[in-house]
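Asks: Single-letter residue listing:
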Amino acid sequence: MADWIILLPAFVMMALMIATHTYLGLHVLARGIIFVDLALAQIAALGVSIAFLFGQESHGYESQGYAFGATLIAAFGFAKLRELPNKTIREVTIGCVYVVATALSIVILSRSSQGMEELKAMFNGNVLWVQWHEIMTVAIAYIVLSLLHVLYHKKFQALSFSTSETTEESIEKPPFIWEFLFFATFALTITLAVNIAGVLLVFAFLIIPAFSASIIVDSFLARLLVGWLMGILGSAIGLWLSLLADLPVGATVVSVLGVLPIIAISFGFIKSRR
Amino acid sequence: MNIIVKIVFLICLLASYSVSATIKIVTTTQDLASIANIVGGENVEVKSLTPGTRDPHYAEAKPSMIRKVYRADLLLLIGADIEIGWLPALLRSARNSDVQKGSRGYLDLSSSIDLLGKLKIATDRSMGDVHAKGNPHYWLDPNNGILMSQVIAERLTELDPENKESYRQRQSTFENKLAQKIVEWREKLLPLKGKSVVAYHKSLTYLAEAFDFKIVAEVEPKPGISPSAKHLNKLVNLIKEQNIKLLILEPYYEKRSSELLSKKTGIQIAVLPQSVGAMPEIENYFDLFDGIVSELKIAGNF
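These protein sequence lines are chains A and B, in that order. Each residue of the first sequence is one higher than the last, beginning at 1 in our numbering. Each residue of the second sequence is one higher than the last, beginning at 1001 in our numbering.
Hints are computed from structural coordinates only; laboratory data are not their basis. One thing to keep in mind: the hints can contain errors.
Stated by the list, open to error - Once the Cα atoms are required to be at most 25 Å apart in a straight line, the calculated PhoX-like pairs of lysine-lysine come out as:
| id | chain 1 | residue 1 | chain 2 | residue 2 |
| --- | --- | --- | --- | --- |
| 1 | B | 1263 | B | 1297 |
| 2 | A | 120 | B | 1222 |
| 3 | B | 1202 | A | 120 |
Unchecked claim - Calculated from the model, a selection of chain A residues having no Cβ within reach of chain B, i.e. all distances over 12 Å:
| id | residue |
| --- | --- |
| 4 | 104 |
| 5 | 127 |
| 6 | 177 |
| 7 | 216 |
| 8 | 272 |
What the hints assert, rightly or not - Chain A residues, not near chain B, derived (Cβ > 12 Å throughout):
| id | residue |
| --- | --- |
| 9 | 29 |
| 10 | 221 |
| 11 | 233 |
| 12 | 239 |
| 13 | 261 |
| 14 | 268 |
Glycine included, every Cβ here is placed at the ideal spot set by N, Cα and C.
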């Protein structure tokens, strides 16, 4: 078997993740609620833990349902966050949700050894084992979500890019239902990805390409495109390295992605000196 | 996309047929690899998916695993659900129809062995890491090693009838040597006969069965679950009451609970290689028991 064939499903899955996660990452960065994605991913994991407690198979549709249900509840809560006046309080709330969700997963799964293994798997993920039919499901869901965001991009843009305290009065904020819709689509995107690729990779894809691109370019569209390019490049190099040195795929890709912000910062430094 | 993938697969498949006549065996553990190597000799090429240093319940997903399974003519597995966490996904990803469940290239060794601890009632996850099909750590009874070599030789003969005689010969050499060694090992472990021992995990039952000692308690309250303070306290009392002298565990388990028990009761800890490759000097199935026996002798002080 040609070696690249082994990695093709993993690469396609990661490309899908980069496409959606970089976009969401830019929103999250603009809102200054970076850890909301980590919290949501962890809540998806908590949902799977609860499904496990009730005897569901960890990768079945039922447990996916539990995960989505849990993140939906959290999404509602996070959508309410904008009513909090203080940015620090928002971050603290998100932080609390993250730690408590993690702790609850550990408590729930402590009674079952396979459960603890599940917890590790949810963190590390096994993107290498992804099947084409799983990729199809994810792809269809992501296309639908993307259409929604493209169609109503004005509403979603207004949500994220007018919430900073300074511009509060200048642009009218869309009603609460849009805020909820934003977090719900966010939740669905993450739930699907966490189940296959693990929290580690999901968080890396949400933050690293978006952040690196934001250092280099300024407009939303340019950041999105540069982010995609960097993400795809980083993933391809990571996959190739994992094949070459026979390393675990997800963790290798994340390690390579870690270089992106460094490159971006040096690039930005050169640009500012000129 | 899918069609391109399939075409490339077909090309690779055709290429792999023309390469060589040796049978490519891939095994889930190094113990299986060692026995297959001895029985297959120069007619086979054996690769193990997991190293002996790791717990075979868990395996990290690495690209090389897919490659190995894809190229294999024969897959040997321990079975009894020990690989359930990773092998099914790996087999799906590797798409090698020769070694899928039910085909001749798929050999689950557990089906030829009378497993200990088979459950008659259905299990649920609250019972911990229990294997409903029976305890899968059967390679730790060297008598089962003989059975395993017989089954492997049989399957190799089926796949490669031309070399029937050499498989038969090597298998019988292995069987004779192992039978001889078993007598020797049992003699060395005579002082342990009938003695009570504490084990960390429920995995050493076969060893106790083979060498006539009793495992009266496990450090884990349920298989796969780390001990709580309450459980450790109970163990301290039990060890003192029954005057148990030996605690045995595999190298990959945490040692802090065992060390705590040792400190409180003076019980001796023996870290036993559980697999070929668990320690660098354990290179084959014979070394495995040589290693176990010498560790037991040192810790048991006999």
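Asks: For each hint, tell me whether it holds in the structure or not.
Replies: Cross-check of the supplied hints:
1. Taking the CA atoms of residue 1263 of chain B and residue 1297 of chain B, the gap is about 20 Å. The hint holds against a cut of 25 Å.
2. For a cut-off of 25 Å, the pair hint linking residue 120 of chain A to residue 1222 of chain B stands: about 19 Å separates their Cα positions.
3. Among the hinted pairs, residue 1202 of chain B with residue 120 of chain A is consistent with the structure: their alpha-carbon atoms are about 22 Å apart, no more than 25 Å.
4. The non-interface label for residue 104 of chain A is consistent with chain B: the shortest C-beta to C-beta separation is roughly 17 Å, beyond 12 Å.
5. Listed as outside the interface, residue 127 of chain A is inconsistent with that label: its C-beta sits roughly 8 Å from the nearest C-beta of chain B, within the 12 Å cut-off.
6. At roughly 38 Å, the least C-beta separation between residue 177 of chain A and chain B is larger than 12 Å, which holds for a residue marked as non-interface.
7. Every CB of chain B lies more than 12 Å from the CB of residue 216 of chain A, the least distance being 31 Å, so the non-interface label holds.
8. Its beta-carbon lying about 40 Å from the closest one in chain B, residue 272 of chain A satisfies the requirement of being farther than 12 Å from that chain.
9. Residue 29 of chain A, annotated as away from the interface, keeps every beta carbon of chain B farther than 12 Å; the closest lies near 31 Å.
10. For residue 221 of chain A, the shortest C-beta to C-beta distance to chain B comes to about 28 Å, beyond the 12 Å cut-off, and the non-interface label holds.
11. With a closest Cβ-Cβ approach of about 19 Å to chain B, residue 233 of chain A is found to remain outside the 12 Å limit, as its non-interface label requires.
12. Consistency note on residue 239 of chain A: stated as away from chain B, yet its beta-carbon is not over 12 Å from all of that chain's, at 8 Å minimum.
13. Every CB of chain B is more than 12 Å from the CB of residue 261 of chain A (nearest about 26 Å), matching its label as outside the interface.
14. For residue 268 of chain A, the non-interface assignment is confirmed: its Cβ lies about 34 Å from the closest Cβ of chain B, beyond the 12 Å cut-off.
In summary, the structure is inconsistent with hints 5, 12 from the numbered list given earlier, while agreeing with the others.
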